[in-house]
Every structure is written in structure tokens, then in C-alpha cells.
Amino acid sequence: MASAREVAEAAERRDVRNRWLLSAPALLIIFFAAVGPLFVMLLYSFMAKGDYGDVKLWQFSSEGWFSVFLERDIFDDTLSVNDAHLAIFWRSVKLSLATTFLTLLFGFPTAYFIATRPERWRALWLFLITIPFWTNLLIRTYAMQEVIRNEGVINTSLLWLGLIDQPIQMMYTDLGILFGMTYVYLPLMVLPLYAAMDRLDFRLVEAGYDLYATRLKVLWRIIVPLVKPGIVAGSILVFIPSLGAYVTPRVLGGGKNMMIGNLIELQFGQGRNWPLGAALSLTLMAIVMVALLLYVRNASKSGARHG
Amino acid sequence: MKRTLTAALAGLAMLAGASSAQAEGQLNIFNWGNYTSPEMIKKFEEQHKVKVTVTDYDSNDTALAKVRAGGHGFDIVVPSANFMPIWIQEGLLLESRPDQMENFKNVDERWVNVDWDPGRRYSVPWQWGLTGIIVDTSLYKGDINTSAIFLDPPPELVGKINVAPEMNDVMYATIRYMGGQWCTTDKDLLRKVRDKLVEAKPKWIAMDYGVIEKFASRDFGAAFYWNGAAMRARAQNPDVKFGFPKEGFPYFMDSAAILKDAKNVENAKLFLNFIMDPKNAAMISDFARYANGIKGSEQFMPADMKDAPELIVPKEFEAAGEFLKPCAPEVTELYTKIWTEVLK
Amino acid sequence: MARHFDVRRQWGFATVAMICFFLLYLPIATLVVFAFNAGPSLAVWEGVSLKWFVAAWNNSDVQEAAMRSFIIAIFAATIATIAATMAALATTRTAPYRGMTFKYAFINQPLMVPEIVTAVALLIIFSRIKVWTGYSGLGYLIAAHAAFCIPFAYLPIRARLENMDLTLERAAADLYATPWNAFRRVTLPLLLPGIVAGFMLAFVISLDDVVITEFVKSGGQDTLPTYMLGQLRRVVTPEMNAISTVFLAISVLIVTLFFLISRKKT
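Chains as they are written, first to last, in the working numbering: chain A, 1 to 307; chain B, 1 to 344; chain C, 1 to 266.
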């Protein structure tokens with residue numbers, strides 16, 4: 001008996017070791033070019049800022065972290081919560097949540113549509129989703145301007161159809177940023193959703209109808225839970241990058257209101273405050289990390305229940 | 001699939017070739033994007049049998065950060081005047097003595113004894129211009145030689161104004177508009193500056209680059225922007241006029257200099273000398289659409305640039321312009337805080 | 001009526017999908033149209049002309065930059081997809097083991113940091129390495145791109161794996177297939193849609209990157225996005241549209257060929 005348990009334990013150990021070996025290349029690349037550099041930033045966030053950008057190496061200071069949340073008023077020297085930073089964080093979170101919601105709203109039916117095509121056509125539909133994204137982001141964002149401008153395609157056609165009598169201002173508003181980000185991040189939602197739906201077991205759906213469920217109920221009670229891993233993956237892929245988005249807010253939002261990405265960029269650029277930039281981004285990362293872990297834990301729990 | 005294969009092979013070739021990139025007869029220029037005349041580069045390559053590589057940057061801070069980090073492989077960089085003292089102070093530039101070069105005699109006296117490089121021991125003028133007011137005069141007929149156009153906009157222009165997203169330029173124009181001097185730390189004045197910007201911002205439509213096509217499409221009615229862009233905008237929309245803010249406006253001049261760790265110093269010196277030749281300077285201006293600071297280059301410039309009103313500062317406004325010095329770090333910090341508050 | 005319907009259908013889904021495709025191609029269509037503009041503007045139409053195609057054809061900088069973007073994207077996406085597939089196999093379909101959550105967070109880390117931060121940090125590290133080794137080729141850009149592409153490839157592959165049922169693989173194992181054979185013959189084909197989705201995402205993400213590339217690139221390593229970034233501040237002309245149009249045409253051509261070939265086989 002004891003030896004059988006030993007064999008089982010050895011097998012398990014071997015399995016875990018193999019799993020570490022399998023994930024080694026990804027872990028190494030990310031360590032080398034993403035996590036490792038972050039340690040540099042952690043270090044930099046505790047340094048005194050250099051006079052013209054950069055930091056004064058090995059001159060420690062907590063000024064960077066201090067100014068993430070608090071600020072000494074430049075006029076009356078009182079200490080208060082930094083509401084400019086809070087406002088920018090909050091704005092970014094709102095816009096990113098809205099973007100995630102919109103991409104899901106459009107992406108889910110689209111992915112479902114692709115996944116229910118005959119097998120040989122699916123690759124083609126999938127390519128059709130990605131082809132627009134083979135053109136570069138900047139060019140695409142500029143092309144987006146042509147669509148949402150006051151004299152752009154949307155406004156012109158709405159005017160022509162008589163649905164509105166004066167153009168809707170979308171360009172240089174939050175609405176413009178939202179449309180732009182939805183457009184940019186749509187494939188990041190569609191592809192993981194498709195990957196999860198592609199093997200959807202329609203016998204379960206059929207069983208649902210046999211039990212006289214309505215289409216909506218089938219969708220909500222059967223399909224959505226089954227493709228939940230795809231929804232989770234897609235939401236993460238859309239929400240997090242849009243939180244740090246930089247190009248789209250700048251081109252479509254007109255740069256009048258910052259998002260976190262722009263605020264951080266300012267510190268590494270014209271603001272010449274690298275420690276604050278480093279501290280701001282580590283704060284952002286910590287928030288996202290906690291949210292992500294909670295989300296994944298919940299999602300996998302409920303996933304296990306259904307699976 | 002074949003394309004993938006070709007691309008992969010080409011990629012391998014590039015990977016292999018890159019290590020031997022520092023062969024003889026090379027010159028690596030690190031310059032603002034869309035700022036280097038390809039014809040001028042071609043002429044230089046043919047004349048001196050040198051292979052030139054131009055790499056772009058889009059901000060002074062990026063260029064400074066990259067060069068300071070080292071291992072960049074560039075020979076020539078073209079910083080703006082307000083950054084030049086930082087580059088020199090941090091020991092990043094080679095004292096290549098352009099003032100002793102053959103073509104230095106062509107440099108306009110006005111650009112020889114400049115604050116940021118007295119006597120031109122490091123750098124050679126590339127292009128210069130200023131940030132001012134662009135107005136579509138079909139919308140507004142009043143005085144355009146004032147920063148009030150974007151700080152206290154006339155009702156006709158409200159909601160149609162674009163302001164360049166340049167912290168220093170906007171802060172400068174606003175400080176001068178409120179009656180202060182650049183790098184001031186006067187709290188009362190800065191409070192007024194902040195309040196003015198916070199009050200004016202809702203009347204702007206955007207803070208963006210790329211204004212030329214927006215004036216052509218008449219999306220914008222006014223802008224606080226560079227004069228060269230105003231000239232291009234006028235070519236597409238004849239109603240566009242450029243104003244010189246009488247309260248004060250920032251000049252810029254970008255100057256080419258050799259990096260201390262340059263690998264091709266001799267070719268870089270040849271290049272500095274080359275761009276001080278009026279013919280070649282005119283080629284740069286023809287491409288980048290700004291004035292260049294080399295005497296005699298006007299005669300080689302295209303007709304539409306010779307008498308462009310945007311490029312010639314009228315006598316009465318000359319004194320209002322100023323080159324921005326780099327402010328002390330604590331002053332920059334103050335200005336950044338105000339800027340963040342305005343853009344939140 | 002009751003038994004005569006398609007269980008796969010959901011009301012309105014096809015319509016939404018069609019609207020989605022229409023909206024996806026709307027900006028692309030305007031982009032292509034303005035590539036043929038006779039005037040220098042992206043907004044004011046002045047008649048049909050091929051002059052911007054000619055300009056792009058004569059602009060060797062743009063062509064080199066575009067080619068470079070393509071090469072980096074292919075290398076980075078391939079490396080990222082392989083690494084991500086292996087990692088996904090290692091982190092799914094098992095009882096949670098020590099370090100699994102850690103791996104998950106670690107692999108997704110590149111998503112969580114704004115690009116500018118990674119960019120500055122990579123600049124600091126890579127430039128040291130460039131000085132020590134004297135190597136300043138495209139390898140750095142490929143490594144940096146591969147790193148931030150991994151999570152984009154990993155998530156769809158993982159999503160696919162989690163939904164896969166284990167019966168077939170168990171059957172293969174019961175029939176004494178070696179683990180490698182079982183993987184190659186059973187798991188891999190089932191996993192393929194996830195891998196394709198992951199690769200395409202990674203490829204697109206690499207093609208789009210501006211900020212990290214801007215900071216990591218050495219002399220003469222401009223990609224199409226960094227080249228364009230440099231243009232933004234001065235003047236944007238339909239030349240960019242012309243280049244994009246050519247690229248679109250090529251990719252549509254490749255996809256069509258690929259599709260025709262793969263249909264013939266089946």
C-alpha cells in the first residue's frame with residue numbers, strides 16, 4: 001500500500017516538474033523583457049528625481065510614492081489628497097469598463113455567428129475580423145476620424161437619412177474615445193470568445209429547448225456559462241490594455257483630458273518626474289493585479305461548478 | 001507561406017547583418033520625424049560616398065532619454081534650443097567646433113552667439129520657427145496678433161480652437177499673457193495662470209498635433225501652433241492667417257550636433273559643414289517648411305516660401321519673441337502640477 | 001414548426017455580426033478611398049489620382065520600415081505562440097498546484113503595465129546590454145515584442161484548452177500512445193483554433209506597437225508605427241493610406257490563396 005502511494009506521489013511530482021518545464025520558455029521571456037524591467041522601475045520609484053528626467057541613482061527618496069496619492073498644494077502648502085490623479089484614474093476606469101461592455105455586446109454575437117458557420121467557412125470569417133487590424137493602429141485611428149467627424153461618414157449619412165438635423169459632435173469627446181477604443185479592441189474580445197465557442201456542445205442547447213426553454217433562457221443559462229472562460233479571457237484582454245491606452249485618447253479625444261496612460265507618459269516626458277511615473281504605474285499594476293486575481297478566482301470557481 | 005519564408009530569411013539576414021553595421025562610410029542621424037530632406041541626404045551620400053541612416057524621434061525627452069542610456073549608435077542629433085544646455089551640461093555632445101568649419105561663414109550672425117550654445121562650439125542651425133496663432137479669417141475678422149485668441153477666445157471661435165499639447169509653449173504664452181516672465185515662481189501670478197487655463201480649456205476643441213488637414217476641412221477655426229504648419233494650412237485653405245502674439249511667444253530652433261560617443265565623427269563633421277551650405281540648407285527648408293538660419297539660402301528656396309508671411313516676423317513683434325531657457329527642476333515641477341490639474 | 005428550427009440560431013445575432021463587420025470595414029474603406037485622393041488632405045476630396053502610390057513607391061524609408069514591422073511581427077508572434085501554447089498546457093486541466101496562480105499572474109503581467117513604463121525600463125536594461133555586447137540588431141525588438149505578445153496568445157489558447165474534454169486524450173493514452181503522439185495526433189488538432197486565434201492576436205499586437213519600439217529601437221530600426229509617429233507632429237498625407245492600401249491588398253490576396261488551397265485539400 002505504502003509503495004503505491006509513493007508511486008502516485010512520485011508521478012504527481014513528475015507531473016508538476018513537467019508543467020514547470022513546459023511553462024519555462026514563456027516565464028523566461030517575460031522575466032527577461034517584462035517583469036525584470038519592472039524591478040528597475042520599482043527601484044527607480046524610490047529614487048530622487050533627476051533634474052532633467054531620469055533619476056539620481058542611489059539617492060533614495062519617497063517623494064515619488066508620496067505624490068501618487070497626496071499633494072502639497074503649490075499655492076497654500078496644505079497637504080491634501082491628490083484629486084487630479086484620482087479624477088484621471090476614475091475616468092480611465094469608467095471608459096475602460098464601458099469599452100469592455102461594448103466590445104462584449106458586439107463581440108459576443110459576432111463570435112457566436114462565426115462559431116456557428118460551417119466549419120470550412122470559419123477560418124475565412126475569422127480572417128475577416130483580423131484583416132482591418134493588419135493596418136497599423138495610428139492609421140486606423142486616423143481613418144476612424146474620417147468616420148466620426150462632423151462632416152464624416154456617420155454624420156453625413158444620418159443627416160441624409162433625416163434622422164438628425166445637425167451633426168453629433170463625436171470627435172474630441174469621450175464618446176469618440178469610447179467608439180475608437182471599442183473599434184481597436186474588438187478583435188481582442190472576438191478571438192478568445194470564438195476559441196471558447198468553437199467547441200460548444202450544441203447537444204446541451206438542444207436539451208435546453210427540449211425542456212421548453214426560450215431562446216433567451218438558453219443563451220443566458222446554457223451558452224453563456226459554457227463559454228465563460230472565453231468571456232473572462234476577452235474581458236481581461238480588453239479591459240486592462242484599454243486602461244493604459246495612450247494613442248486612441250490622444251488622437252480621438254483630442255488630448256484635452258488625460259487618461260492614466262497619458263498621465264504616466266507626461267511624467268516620463270515633459271514632466272521629468274520619473275519616480276512619480278514609476279510609482280503611478282506600479283500603483284495601477286497593483287490595482288489591476290488584485291482585481292484580476294479576484295476575478296479569475298471567482299470565475300474559475302463558478303467555471304468548475306459548470307464544468 | 002512562401003512570403004512568410006522570404007520574410008523569415010530576410011529577417012535572419014538582418015539579424016546577422018546588424019552586428020557588422022559599423023562599417024566605414026556610415027552616418028547615423030537621429031532626428032525629428034519627417035524633418036530630414038531625402039534629396040539633401042541623397043546629395044550628401046553621393047558627394048561624400050557615405051551611407052546615411054536616418055532614425056526618427058517625436059519628442060526632445062525621448063531623444064534625451066535614449067541617448068543618455070547609451071548603446072544607441074547614433075552620430076548626430078538635432079535637439080531644440082531649450083534642451084541644448086541640458087545636452088551640453090550632461091556631457092552628451094562632442095565639442096566639434098562648427099565655428100571653425102569652412103561653411104560657418106554662411107551662418108546668419110543672429111544665430112551665432114546664441115544663449116544655448118555661445119559661439120556655436122557644438123551645434124549648427126537646422127530649422128527655426130515659433131509658436132503663434134493660426135486663425136481661419138472667414139470666421140473671425142478681429143486682431144489675431146494676441147494670445148487672447150486661445151486664452152480669452154472671441155465667441156465666434158469658441159469650441160473651434162486647437163492648442164498644441166506642448167506644456168512649455170502653452171505655459172510660456174499664458175505666463176506672458178498674465179504679465180509674468182518665463183520660469184517665474186511668483187505664486188500669485190501662477191495661480192492666475194492656472195485659473196486662466198482652467199477657464200479657457202472648455203472653450204477649446206482639442207489639444208492635438210496634425211492641424212493642417214483640420215484647417216483644410218474647416219474643423220478648426222483657430223490654433224496655438226507652429227508657423228510652418230500655418231503656412232502649409234494656408235496652402236490648403238486660403239483664409240488661414242498667422243498671428244504673432246504681442247504678449248509674448250516662444251521661438252524654437254533645432255540645431256544639429258555630434259554626439260560624444262559617435263562612431264563616425266569625421267562623417268558627422270562633413271555633414272555639419274554640408275548643411276551650412278546655403279543650397280543644402282534651402283533643401284532642408286523646402287522639405288520641412290521652416291526657416292533655416294543660413295545666409296543666402298533664400299535664393300534657392302521655392303517661390304512660395306521666400307515671401308511667406310508666416311516665416312517673417314514683423315519688426316513690431318520681434319521683441320515679443322523669446323527662446324525658452326530650461327527652468328530649474330523645482331520650477332518644472334510646479335508647472336507640471338499646474339498642467340496636470342488643467343488636463344485632469 | 002416546433003421541431004423545425006436550428007438550435008444554433010439566436011435572434012438578431014447574425015444582424016449584429018453583420019453590423020459589426022460593416023463598422024469594422026467602414027474606416028478601412030475611407031482609408032482606401034483617400035489613398036486615391038488627388039489633394040494632400042485626409043479629409044477634403046479633390047479627385048482621383050495615383051500620386052500617393054507613386055510617392056510611397058519612391059519612398060524607400062517607408063518600405064523598409066514596413067518590411068521591418070512585418071519581420072518583427074512574424075518572429076515575435078511565432079515565438080510568443082509557441083511559448084504560450086506550452087505554458088497554457090502547463091496551467092490548465094489539472095488540480096491547482098503550487099505556483100499555478102503565480103504563473104498565471106506572471107504570464108499576464110505584460111498586460112498590466114502601461115507600455116511607457118516597460119519601454120523606459122527596457123531602454124535602461126537593453127542599452128547596457130548593447131554597450132557590453134556590441135550587438136544592436138533586431139533581436140532586442142523581437143524579444144520585447146515576444147514578451148508582450150505572450151499574454152495575447154496565451155489567453156485564447158487557455159480558454160480553448162479549458163473547454164476541451166479529456167476523453168479523447170485519455171482514450172489515446174489507454175491505447176498506449178506515447179504522450180508526444182497523443183499530443184500531436186489528438187490535443188494539437190483540437191487546440192488548433194485556439195492557437196490560430198492566439199497567433200493572429202499576437203501578430204496584430206506586434207504590428208501596432210509604438211511606444212516600446214520607439215524606446216528600444218537602435219539606429220535605422222524604425223518600424224511603420226514609429227515612422228508614422230514622427231510624421232504626426234508635422235504633416236500626415238495620404239501617402240500613409242497608399243501604403244496601408246497596398247498592405248491590405250497583399251493580405252487579402254494571401255488570405256484568399258490560403259483559403260482556396262485549404263479548401264482544395266478537404
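Treat the hints with care, since some could be wrong.
[Said to hold, decoys possible] Here are a few chain C residues that sit away from chain B, every Cβ distance over 10 Å (derived from the structure): (1) Ala43; (2) Phe53; (3) Ile82; (4) Ile124; (5) Asn181; (6) Lys217; (7) Tyr227; (8) Arg233; (9) Val235.
[Stated by the list, open to error] Think about it this way: if two alpha-carbon atoms lie no more than 27 Å apart in a straight line, the pair counts; the simulated DSSO-like pairs of lysine-lysine are: (10) B:Lys43 / A:Lys256; (11) A:Lys94 / B:Lys43; (12) C:Lys51 / B:Lys260; (13) C:Lys51 / B:Lys43; (14) B:Lys246 / B:Lys187; (15) B:Lys344 / B:Lys187; (16) C:Lys51 / B:Lys269; (17) A:Lys256 / B:Lys105; (18) B:Lys49 / B:Lys269; (19) B:Lys49 / A:Lys256; (20) B:Lys246 / B:Lys196; (21) B:Lys105 / B:Lys344; (22) B:Lys315 / A:Lys56; (23) B:Lys315 / A:Lys256.
[What the hints assert, rightly or not] Only part of the chain B face toward chain A is listed, based on derived beta-carbon distances under 10 Å: (24) Gly179; (25) Gly180; (26) Asp208.
These are calculated hints, taken from the structure and not from any lab test.
For every residue, glycine included, the Cβ atom is placed at its ideal position computed from N, Cα and C.
Verification of the hints:
1. Ala43: violated (4 Å)
2. Phe53: holds (17 Å)
3. Ile82: Per Cβ check, Ile82 of chain C is outside 10 Å of chain B; nearest 14 Å; holds.
4. Ile124: Violated, since 6 Å does not exceed 10 Å.
5. Asn181: Check passes; 26 Å lies beyond 10 Å.
6. Lys217: violated (7 Å)
7. Tyr227: Nearest chain B Cβ is 6 Å from Tyr227 of chain C, so the label is violated.
8. Arg233: Its Cβ does come within 10 Å of chain B, the nearest being 5 Å, so this is violated.
9. Val235: violated (5 Å)
10. B:Lys43 / A:Lys256: violated (42 Å)
11. A:Lys94 / B:Lys43: Roughly 53 Å separates the two Cα atoms, so the pair is violated.
12. C:Lys51 / B:Lys260: violated (42 Å)
13. C:Lys51 / B:Lys43: Holds. Lys51 of chain C to Lys43 of chain B sits at ~24 Å (cutoff 27 Å).
14. B:Lys246 / B:Lys187: holds (24 Å)
15. B:Lys344 / B:Lys187: holds (21 Å)
16. C:Lys51 / B:Lys269: Given pair Lys51 of chain C, Lys269 of chain B is violated - Cα atoms ~37 Å apart, limit 27 Å.
17. A:Lys256 / B:Lys105: Outside the cut-off at roughly 45 Å; violated.
18. B:Lys49 / B:Lys269: Answer holds: Lys49 of chain B to Lys269 of chain B is near 14 Å, not above 27 Å.
19. B:Lys49 / A:Lys256: violated (48 Å)
20. B:Lys246 / B:Lys196: This hinted pair holds, its Cα atoms lying about 18 Å apart.
21. B:Lys105 / B:Lys344: violated (49 Å)
22. B:Lys315 / A:Lys56: violated (45 Å)
23. B:Lys315 / A:Lys256: violated (34 Å)
24. Gly179: violated (18 Å)
25. Gly180: violated (15 Å)
26. Asp208: Nearest chain A Cβ about 5 Å off; hint holds.
When each numbered hint is compared with the structure, violations occur for hints 1, 4, 6, 7, 8, 9, 10, 11, 12, 16, 17, 19, 21, 22, 23, 24, 25.
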